[in-house]
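Chains as they are written, first to last, in numbering that gives the first Met the number 0: chain A, 0 to 574; chain B, 0 to 384.
If you're looking for bench data, these hints aren't it; they were derived computationally from the structure.
Owing to the predicted nature of the structure, the values given are computational and were not obtained by experimental measurement.
Heads up, some of the hints might be wrong.
Partner residues are not named here, just some residues of chain A that face chain B (Cβ under 8 Å, in silico) [unchecked claim]: (1) L195; (2) A199; (3) T203.
Simulated coverage check for chain A against chain B, where a stretch passes if three residues somewhere in it have a Cβ under 8 Å from a Cβ of chain B [unchecked claim]: (4) 181–194; (5) 205–219.
Listed below are the simulated BS3-like cross-link pairs for lysine-lysine, each with C-alpha atoms no more than 30 Å apart in a straight line [what the hints assert, rightly or not]: (6) A/K564 <-> A/K489; (7) A/K108 <-> A/K401; (8) A/K200 <-> A/K108; (9) A/K489 <-> A/K401; (10) B/K205 <-> B/K239; (11) B/K141 <-> B/K205; (12) B/K141 <-> A/K200; (13) B/K239 <-> A/K200; (14) B/K132 <-> A/K312.
For each residue, glycine too, the CB sits at the ideal point set by N, CA and C.
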Amino acid sequence: MAQASAQVAVPFLRRVSLRRIFSGRNLTITVVIAIITYMAVIPVGYLVWGTFWNGQSLTLEFFRSAYSTVGLTPMVVNSLIFAAGSTALAVPLGTLLAYLVVRTDLRFKGLMFAASLVPLIIPGILHTVSWIFLASPNIGIYNRLIFDRVPFLPKFDIFSLQGMILVEGLHLTPLIFLLMVAAFRSMDPSLEESALMSGAKLPTIMRRVTLPLVRPALYASILIMAIRALEAFEVPALLGIPSGIWVFTSRIWSALKGFPAEYGQAGAYAMSLLLITSVGVYLHTRMSRRGKRFQTVTGKGFRPHPIQLGRWKVPAQLFLMAYFLIAVTMPVLVLLYVSTQPFYSVPSLESISNSSLENYRYTFDNPQALRALRNSFALGIGSATAVMLVTAVASWIVVRTKARGRWLVDNVATVPLVIPGLVMGVALLFVYLRAPVPIFGTIWILFIAYFTRYMPYGMRYSSASMYQIGGELEESAQICGASWWKTFRKVNLPLLVPGLIAGWIYIVMVSVRELSSSILLYTPGNEVLSVIIWEQWENGQFTELAALGVVMVVALVALVAVAKKLGARVGVKEG
Amino acid sequence: MAETSDLPVGDEPVLAVGDLVKTFTEGKARKGGVVRAVGGVSFAIEQGSMFTLLGPSGCGKTTTLRCIAGLEQPDSGHIAVRGTTFFSSEDRINVQANERGLGMVFQSYAIWPHMNVFQNVAFPLQVADRKQKMSRTEIREKVERVLSVVQLGELVDRQATDLSGGQQQRLALARALVMEPPLLLLDEPLSNLDAKLREEMRFELKDLQRRLGITAIYVTHDQVEALAMSNTVAVMNAGKIEQVGRPRQIYETPSSLFVADFIGTSNFFPGRVTAEEPGDTFLVETSAGTLYANSSAPYSKGDPVTVAVRPEQVAIEKGTFPARAGVWNGQVTNRAFLGESVDHVVAVGGIEIRCRCNPSISIPPGSDVTITFNEREATLLPADG
Ligand SMILES: Nc1ncnc2c1ncn2[C@@H]1O[C@H](COP(=O)(O)OP(=O)(O)OP(=O)(O)O)[C@@H](O)[C@H]1O
Ligand SMILES: [Mg+2]
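Please build the complete structure, drawing on both the sequences and the hints.
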């Protein structure tokens with residue numbers, strides 16, 4: 000049967016070889032490559048161009064003015080301390096939590112996995128605002144209820160470099176936790192057990208066996224954490240600007256929001272930041288490639304043999320609970336509490352008796368908020384769909400075809416990974432303020448920003464699932480005489496779908512929370528949720544903000560639940 | 000082999016395990032998801048002997064070993080090494096694994112990939128308590144001595160991951176031996192090697208154990224390995240020890256159906272005792288005929304039993320002779336040449352009997368034959384196993 004159709008197919012194909020050039024297959028490939036290249040390359044190109052070109056000639060004047068107005072040193076030093084500090088907080092904390100959860104006989108491990116969803120469903124801006132409610136020197140609950148009452152205890156000031164480090168570090172700890180969980184899970188437990196049998200004590204085993212074995216994952220975590228902290232916008236903006244602690248991202252923001260907007264200066268800061276993050280991402284890719292070569296731990300499933308913590312068990316358990324209370328429960332509770340208040344005040348019997356759902360009514364009666372809700376979800380769903388469709392074809396090109404230069408497609412699609420959200424915003428402003436495309440001022444510029452930013456994640460999800468299906472399946476369909484498009488639709492797509500859905504949901508979630516590109520690109524009428532929250536913060540509408548935030552988090556939780564229902568494994572796919 | 004471990008009676012055992020129980024909860028504990036991995040195991044090991052836990056996959060061998068090692072906490076029971084109690088549910092004693100001072104070789108070897116050969120072996124000495132801490136030169140000397148014992152002397156500075164499978168196995172052994180533990184725990188140490196190397200290492204390991212007078216407990220599901228290496232074999236089934244004995248004893252006089260079935264191949268004939276003869280011998284009637292079988296356990300007339308006979312204990316002869324107890328007539332249905340022997344399958348009254356004989360005898364299928372059971376080698380077992 001198959002043989003007969005193959006015999007027929009060969010002369011037929013030869014006859015129409017001219018027409019094949021314009022076949023569905025080649026057309027699709029061309030379009031997809033064009034989209035990816037356009038999306039990834041144009042913004043960076045324009046950014047470089049706009050930063051070095053003042054309209055008449057090549058120039059460094061923007062750099063000069065950028066770094067003379069503020070003074071280079073304090074900002075760079077602050078940026079580095081902020082990045083290093085939050086790394087120094089999140090990496091040990093996340094690693095320790097991952098170790099306790101994977102390798103020991105602790106209880107309530109599920110709490111940590113619930114906590115690990117926090118950065119995914121609680122946007123950075125809400126997390127930061129919660130921490131202001133909790134720890135600002137004047138209105139902060141911790142200060143008013145604890146630090147003020149205990150004599151000799153100084154106030155904890157969240158508007159400081161330490162405060163910024165604490166909030167950013169805690170927000171990203173779950174990310175490190177997930178990365179390290181994967182590393183500890185793939186480690187053969189008997190490597191530790193043989194150290195135990197050798198007579199070593201737990202700390203010695205950690206120092207001499209466990210940590211050296213997960214070193215590649217540890218380095219990767221450090222780099223990812225440092226890059227994320229350098230890119231972070233919400234924490235430096237909300238906590239740093241009021242106390243005059245400037246970093247790259249807050250500088251970019253203030254250069255653009257001043258009057259007149261200093262596009263050249265913003266570009267100069269953006270370029271510097273881009274350079275630093277590129278080096279980080281380059282190091283990370285190189286390391287993870289080398290890490291794979293030295294991989295001695297296999298992916299094979301080991302029976303978990305948790306180490307008995309013995310007398311360390313109680314302190315470790317308390318530590319886990321304390322982390323969950325401080326990093327997850329309290330920020331969520333305070334947000335819920337504030338959302339029920341007519342005005343912000345420290346919790347008391349009186350304030351609790353005043354609670355009502357008034358703010359929620361306001362939120363659902365507020366046309367601006369409703370429009371933003373619609374915009375956010377429309378943009379999230381639209382960009383996620385577009386990204387997954389394009390990257391599905393792109394990863395097929397990379398994984399399945401023998402086309403020359405196919406690796407380039409992968410690399411180009413991954414370029415936006417090094418571009419911080421704020422830099423992406425600047426770059427797209429450069430493009431669409433000058434290009435004759437009437438996109439600026441519409442919602443489409445946000446669509447393009449999201450598409451570009453999340454293309455690398457889409458690529459990760461698609462190619463991961465593309466690698467899972469063997470080439471033979473496709474070949475056998477082709478031998479049966481199916482056309483390329485039909486093969487892709489009937490054979491590849493159904494097999495790819497679970498991975499694609501996981502990627503789709505992930506992108507919807509990160510798009511809905513996106514702030515750092517949106518804040519530069521939105522125009523009145525095209526606000527998204529995170530922008531509205533930002534504006535309400537600036538207007539001092541704390542309680543309305545909290546209600547809108549809760550609505551947003553509930554919507555995101557519903558999304559995660561749908562994902563779980565669909566069986567999609569939404570995780571973090573870094574680098 | 001058996002002679003070496005015939006120690007004077009009354010000697011204190013190196014390891015004594017009493018009534019060891021270990022259960023795991025699988026999934027929802029409240030819904031009764033409890034696995035009884037080890038269900039009341041007791042045994043003792045004498046100085047210098049190799050004790051093997053043998054049994055099918057999942058019977059609880061590894062769990063027993065891990066309980067002795069201290070890597071798993073038993074639910075109840077008693078574990079003592081050289082008179083020191085390591086675990087006792089009654090006295091609420093549980094010595095931590097890192098304080099038991101036992102040597103262990105893991106199935107996966109668990110060689111630390113980020114250390115070289117020297118560092119791997121030196122680790123147990125380096126992490127020793129301050130009291131027993133040795134100087135650098137002492138450690139160096141000791142490591143080199145143990146490496147030369149396992150024939151890795153040349154490879155001291157080699158990266159551990161660059162070793163071959165057999166070398167890694169020896170390295171794991173060296174690491175377990177360097178502390179001179181009173182007891183060595185081996186969990187299927189040869190199962191990751193290919194067949195040829197496994198056979199080589201089997202003899203090497205046995206030789207080493209005997210030369211150094213090591214007391215070892217050896218876990219395997221490979222009966223050939225168990226019979227060849229051990230002084231004592233304990234056959235485990237579903238968390239319980241079915242039989243303990245010298246390898247020969249286990250093979251020749253299995254005490255249960257399970258053991259007879261698990262060790263080697265056997266023919267089983269269900270039947271009834273019809274007469275008791277002197278010398279622990281019984282006459283048994285089966286559906287294919289009558290035969291004599293031995294048992295030290297008491298049986299009386301009419302008891303339902305099973306007779307187990309090894310294929311090599313059945314002689315085969317062409318032609319038909321008058322049938323009597325232990326001599327049956329049948330027809331060859333199948334023949335297989337196995338190199339060192341020939342197997343014939345003979346049908347007798349609806350039962351198939353496997354006979355193993357010298358390759359010089361070969362009878363084509365379809366021939367009428369007479370089979371004769373070696374009277375002293377048929378084992379009588381209780382019917383329900
Ligand atoms: N950590 C655990 N959690 C739950 N059940 C376990 C655990 N460890 C062992 N078991 C169960 O206990 C039983 C005995 O397991 P064990 O590993 O001791 O078997 P084994 O005799 O060593 O088998 P094998 O020859 O396959 O290694 C099995 O049913 C196993 O599934
Ligand atoms: Mg086992």
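Hints, one by one, checked against the model:
| no. | hint | in the structure |
| --- | --- | --- |
| 1 | L195 | holds, 5 Å |
| 2 | A199 | holds, 4 Å |
| 3 | T203 | holds, 5 Å |
| 4 | 181–194 | holds (count 6) |
| 5 | 205–219 | holds (count 5) |
| 6 | A/K564 <-> A/K489 | holds, 24 Å |
| 7 | A/K108 <-> A/K401 | violated, 46 Å |
| 8 | A/K200 <-> A/K108 | holds, 24 Å |
| 9 | A/K489 <-> A/K401 | holds, 21 Å |
| 10 | B/K205 <-> B/K239 | holds, 26 Å |
| 11 | B/K141 <-> B/K205 | holds, 22 Å |
| 12 | B/K141 <-> A/K200 | holds, 22 Å |
| 13 | B/K239 <-> A/K200 | violated, 33 Å |
| 14 | B/K132 <-> A/K312 | holds, 28 Å |
The structure is inconsistent with the numbered hints 7, 13, although it conforms to all the rest.
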